[in-house]
Amino acid sequence: MKILVCAKQVPNTKNVTTDPETGRINREGVESILNPDDANALEAALQIKDKDPDNVHVTVISMGPDQAKDMLIECMAMGADDAILLSDRKFGGSDTWATSNAIAAGMANVDGGFDLIIGGRQAIDGDTAQVGPQIAEKLGIPQVTYAQKIDIDGTKVTVERQLEDGYEKIEVNMPCMITCVKELNTPRYMNVGRIYDAYAHPERITTWTFDDVEIREDETGLKASPTNVFTSFAPAPKGKGVMLEGTDQEMVKTLMSSLKEKHYI
Amino acid sequence: MARVEDKSAWKGVWVFAEQRQGELNSVAIELLGEGKKLADDIGTELCAVVIGENVGDIATELGKYGADKVYVADAPILKNYTTDAYTQVICDAIDKYQPEIILLGATHIGRDLGPRVAKRTTTGLTADCTHLDFDTDKYMGYLSTVTTAKPPQARVDANKDNLKMTRPAFGGNLMATIICPAYRPQMATVRPGVMDKAVRDDSHSAEIINLDVNVTDADVRTKVIEIVKSATEMVSLTDAEIIVSGGAGLGSADGFKLMQEFADVVGGVVGASRAAVDSGWIDHSHQVGQTGTTVKPKIYFACGISGAIQHLAGMQNSDIIVAINKNEIAPIFEVADYGIVGDLYKIVPMLIEEFKAYQAEG
Ligand SMILES: Cc1cc2nc3c(=O)[nH]c(=O)nc-3n(C[C@H](O)[C@H](O)[C@H](O)COP(=O)(O)OP(=O)(O)OC[C@H]3O[C@@H](n4cnc5c(N)ncnc54)[C@H](O)[C@@H]3O)c2cc1C
Ligand SMILES: Nc1ncnc2c1ncn2[C@@H]1O[C@H](COP(=O)(O)O)[C@@H](O)[C@H]1O
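Sequence lines, in order, name chains C and Z.
Residue numbering for the first sequence follows this note's numbering, starting at 1457 and increasing by one per position.
Residue numbering for the second sequence follows this note's numbering, starting at 194 and increasing by one per position.
No wet-lab data here; the hints were simulated from the structure.
Here the structure is a predicted model, which means the values were calculated and not measured.
Glycine included, each C-beta is placed from N, C-alpha and C at the ideal position.
Warning: the hint list may mix true and false statements.
[Said to hold, decoys possible] Covered stretches of chain C (in silico footprint by chain Z; criterion: 3 or more residues with CB under 8 Å from a CB of chain Z, positions within the stretch not fixed): (1) 1545-1557; (2) 1625-1636.
[Said to hold, decoys possible] Chain Z regions said to be covered by chain C (calculated; three or more residues, Cβ under 8 Å): (3) 314-322; (4) 369-379; (5) 405-418.
Using the sequences and the accompanying hints, generate a full structural model.
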């Protein structure tokens, strides 16, 4: 069985700040990480591989700049067999529609095809959760999003799909696309031997450019993207309220009378 | 479809009225409220789309909430949501009726369906929007309240016929307005709990239009085996008027007993920060914030919550925020209307007594 895992390198948004004047992201000093949900996706693939190591092959696929190789090495150090990086200026500036075209083109180019694609639910930079379903649509395969449990039986996949107030159990046949939430599993740590191995075998990462895959200029990149960023800005902090003063009892009393006076209660 | 030469051929604001097991999702009413404003600004009609089995009553209901037309797809195969069937129905309808704008709730269903529909239709989709504008002056007015940054006037003028869709990104650190200038329909998923609900008017009714359902069993490649409601009661954070939220500052799961007691007294619902949820003190369904629920109650009590940006992203639009925190420099005080520096275990019991006394007064 061949599993493709979609992984994106993202800035660690915990440390992201914006310039309130220009609305630009201060990128300096912000570390890049493997998108958290994608680590869950890779873990799910590796758990399938653990059960049948000789017959399951896990390939991580990513679209991004050359530095994404660091993340792909991390993925191999976790246990992925190899990786593909789609990297070309012509892919740059893609929205989810154009990104999914490029990634789907990369997947269609994989030797011997694939049985299962697993991705994260969403990437923490854009938070769109759209690329997974759009890859599935482009490839013409079914999708199950928000997976919190995955069971494989032959070519049949049973997924618990998380809902706001519970879950639904869904059956689907391979090939299919599954996107997963963090409740699915706990990603394993990198293994020291494997880290060493991954660095020793850079040839396990295949880089494909625009010309290596079957795609047209009007399908990917900034110009082909249906959506454009019109403007971006830092969110405005809400106006400062009042800090209550006095003893605990006094503060509570002041609060109560304000709430009453302003008819909030 | 795809790149559209004659945009004027695309008319109407559509709202996907999500229902589950025959129950209309409250986000649908919020979308009708927002959709109405947009439709009025454009001078077009507001339409709802409802898909399911035996959804006639829901269709009537949608008319009362302001829809001018309701497109109904009613068939046994549509009973439960499936990506394949619902995508097919909506894409056929888009082909036939050519809406200018489509809004879906950013729910677990809307965010599964939206991208698939947008991809098949070849158009853009903006995820999880928290603010929408069509009218340029209104948009510029909105911008001036939230930022000092200003797009150049020429760009603004050039986009007067495009929906301006604003959403948080980068963990809430950045807001972006997205447009979809050359393709139709313009699609957005909208975060639940953010838009004002449409007001019900029993005298209003919609024209009902039945949609063709060209879906066979073979088209539906996923099978819903069962739908399981979580054991914990569904917390209706989005509908709550008062939310009593606890964070890591509670120190233990027991702290949520105090939160529940407080919530019971004020007639509110218990919320939580992610730190409290991750500690296993309370179910994820209570989580408020970027990866939890977005809430907009009349009063939000934040007890022992530091006020990380991801938490603020989900509650800073509350009418009144009361923060109780030991640490006087906790960021939660930046958004609080009333800040109390103190131990929540002393303050909250006092508040409970005060509320009880107030209620006893009648
Ligand atoms: C991608 C991403 C998404 C996230 N999404 C969310 C989300 O949706 N919602 C969310 O909440 N978080 C989210 N987080 C996590 C967020 O960054 C914070 O870690 C979290 O909100 C912190 O929770 P807290 O305020 O309860 O805990 P802490 O930050 O630990 O704060 C506890 C506070 O309690 C105070 N305190 C302690 N004891 C007492 C006492 N006895 N009385 C009064 N005060 C006391 C302390 O002074 C402190 O300020 C997300 C993070 C990431 C990276
Ligand atoms: N550039 C990319 N390379 C590889 N996978 C991606 C990329 N962008 C998005 N994905 C996958 O799609 C998921 C959803 O991303 P998004 O729609 O950007 O929130 C991610 O969790 C990844 O699994």
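So, going through the hints one by one against the coordinates:
1. Three residues within the 8 Å Cβ limit are the bar, and the segment 1545-1557 of chain C against chain Z gives 4, so the coverage statement holds.
2. Coverage of the segment 1625-1636 of chain C by chain Z holds [criterion: at least 3 residues with CB-CB distance below 8 Å; count 6].
3. A count of 7 residues in the segment 314-322 of chain Z with a Cβ less than 8 Å from any Cβ of chain C is obtained; the coverage claim is therefore met, three being the minimum.
4. Counting residues of the segment 369-379 of chain Z whose C-beta lies closer than 8 Å to any C-beta of chain C gives 8; at least three are required, and the coverage claim holds.
5. With a threshold of 8 Å between beta carbons, the proposed coverage of the segment 405-418 of chain Z by chain C holds, since 5 of its residues qualify and at least three are required.
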